[in-house]
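Asks: The primary structure of each chain is shown beneath.
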Amino acid sequence: MLLISPTTYIASFLFLTLMGLLYWIILSGMVTTAQEELPAVEFFKGFWIPTFFVVPLLTMRSIAGERSHGTLDTLLTTPTSRGSMVLSKFAGAYLFYLLLWLLTLGFPLLVAKFYPAAAASGQLLEPAPILGSFAFIAVSGVLFISIGIFASSITRSQLVAGMLSFTTLFVVIVGGQQLSSLTPSGAGLSSWISGTIDYLQIFNHLDDFARGIVDTRPLIYYTSLGALLLGMASLAVEAKA
Amino acid sequence: MHYTRRPAPEPMKSTPSIRVQNLTRRFGAVTAIQNVSFTVDHGEIVGFLGPNGAGKSTTMRILSGILSATSGSAWVGGVSVAQHPHDVKRKIGYMPENNPLPQDMRVVEYLRFRARLKEVPTKQLRSTVEAAMETCDLARTARRKIIGTLSKGFRQRVGIADALLGDPQVIIMDEPTIGLDPHQIQGIRRLIDSLRGRMTVVLSSHILPEIERCCDRVVIINQGRIVAAGDHDTLREEFLPGNRFQVEVEGSDAALQAALRTRGIQVELLEATPEQTQRRSLVLRTEDDRTHGVVLLEALQSAEDCRVHSLARLKPNLEEIFLAATKRSWEETIETPRQSDPSPAQPSSTSV
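As they're listed, the protein sequences go chains B and R. Letter by letter, the first sequence follows residues 0 to 240 of numbering that gives the first Met the number 0. Letter by letter, the second sequence follows residues 0 to 351 of numbering that gives the first Met the number 0.
If you're looking for bench data, these hints aren't it; they were derived computationally from the structure. Just so we're clear, the structure is a prediction, and the values are computed from it rather than from any experiment. Any given hint might turn out to be false.
[Claimed, not checked] Derived lysine to aspartate or glutamate pairs resembling DMTMM-like cross-links, with alpha carbons at most 20 angstroms apart:
1) R:Lys-144 - R:Asp-103
2) B:Lys-239 - R:Glu-96
3) R:Lys-117 - B:Glu-237
4) R:Lys-117 - R:Asp-166
5) R:Lys-151 - R:Asp-180
6) R:Lys-151 - R:Asp-136
[To be verified] Per the computed footprint, the stretches of chain B lying under chain R, defined by three or more beta-carbons under 8 angstroms from a beta-carbon of chain R, are:
7) 59-72
8) 76-89
Each residue gets a CB set at the ideal place from its N, CA and C atoms; glycine is no exception.
I would like the entire structure built from these sequences, with the hints used as guidance.
Replies: Now the structure itself:
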């Protein structure tokens, strides 16, 4: 259903347009003033912009749509297990999400083709930050898409599912950030609270990955939370037939 | 008992296809079904009837494993639904009410997808789908049509083809003929008739003439309890005992009654409709099953001033049986022994 529905393609179009615009803005910024960071790193720092709308659009109709159509009943009467059903919905949305991000590789490639002089400087297509950032997108994508699938599994309405995943993503991405700025410098917070808050800093994870530091702690954070949400989604599918 | 991927062993044909015992399901404070028990043998076609909200869909959903029961047990093909839900799902083909189908897939794509979901081995996939489409007459023109563009009758056939995939032992269809025109209903009926003996079919429907024609037995549920189960004759004797006759007479009622009384025939006048001048059409009910038309005819002819124009035996149809059965108060179910009462069922305080 994902590849057939027009919502998916609208989401893809918006995503690529937005990211293309962002890349263009970054590059034109580089022309005027010297920047510290490579364009790729700057580009991926804005990963949260499209995530807020692409993830809900890709996942909101996965289970909620089936429920409202009534086709969930026919799915549940087959010998296929709930877990494999939820996993297959997840895999479809996740792979499409990765595909969309892979398509953004086209931006530096296009620039390199049309402005070979700029490409010769080597800053455009620096592989390390691109690979690192993609690794981050792939790992964090597990959590984001699971949030979307879980939100879709607990409701009958696609709209409610979309809203729920948007809000949860907002809390997870931006809320973590705000939590860290809540702690006034100098005030002695106990070490375990500050440790926990540090653990949840998604933007720090991005920085680490972009620099090539593949820490297993964020890896475990994303994948374990994602697995938990998918498990809860299969329970919700069973319970709320 | 081992929990491997192998399905539970096939029972002998003497095991009932479906056995339900004291099944109860509550949704919070509302009891949808209570102590529902019935049995369906292999190869039978059983009609599952009841007013709206009686609990038909709930029972069917419990049997097909979508819902779980609050208490009670159900076995399909000898396998317990609660303990081996996946094995039971391999034996069942289910078509829900309103036949939900994905609007954007083609018929053959959808059926292949469903066959893969039902664990049909890859080698047999093509032949299974072809066989199901042949049975439902979808193999020629409708194959590559998008489901959203099909008419209602074709969509119902796609739903039935989906239920038939993989040759399940039991097919459960929730209102398969709803919204169809009479030709299409006949087509579906012929299809279901062709399944008799091969698989067990449980249908629920409101179209009583069709149920009467194609089902061997009928189970009637009302307000969550079974009120009747059996074939047409058994139900008729239980709910509408006695014989009914339709007579067209010319003459006075009093003379008629007198003549019948002298012969010792107890009748009850159910209906009197004036036909043409002087003539009336009466529906008489005799309590005694043994009263035949011949006796009645003689009695009527012997009445003075009475001329009989026609006499016919009326066999009550399923609709009348259904209405009589569901008029009962909900406390009286099939379990409680019924006292023989000569008058028809009293209208209960709770209206149906």
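Asks: For every hint, state whether the structure bears it out.
Replies: Results of checking the hints against the structure:
{"no.": "1", "hint": "R:Lys-144 - R:Asp-103", "result": "holds (10 angstroms)"}
{"no.": "2", "hint": "B:Lys-239 - R:Glu-96", "result": "holds (18 angstroms)"}
{"no.": "3", "hint": "R:Lys-117 - B:Glu-237", "result": "holds (18 angstroms)"}
{"no.": "4", "hint": "R:Lys-117 - R:Asp-166", "result": "holds (11 angstroms)"}
{"no.": "5", "hint": "R:Lys-151 - R:Asp-180", "result": "holds (9 angstroms)"}
{"no.": "6", "hint": "R:Lys-151 - R:Asp-136", "result": "holds (14 angstroms)"}
{"no.": "7", "hint": "59-72", "result": "holds (count 4)"}
{"no.": "8", "hint": "76-89", "result": "holds (count 5)"}
The structure meets every hint from the earlier list without exception.
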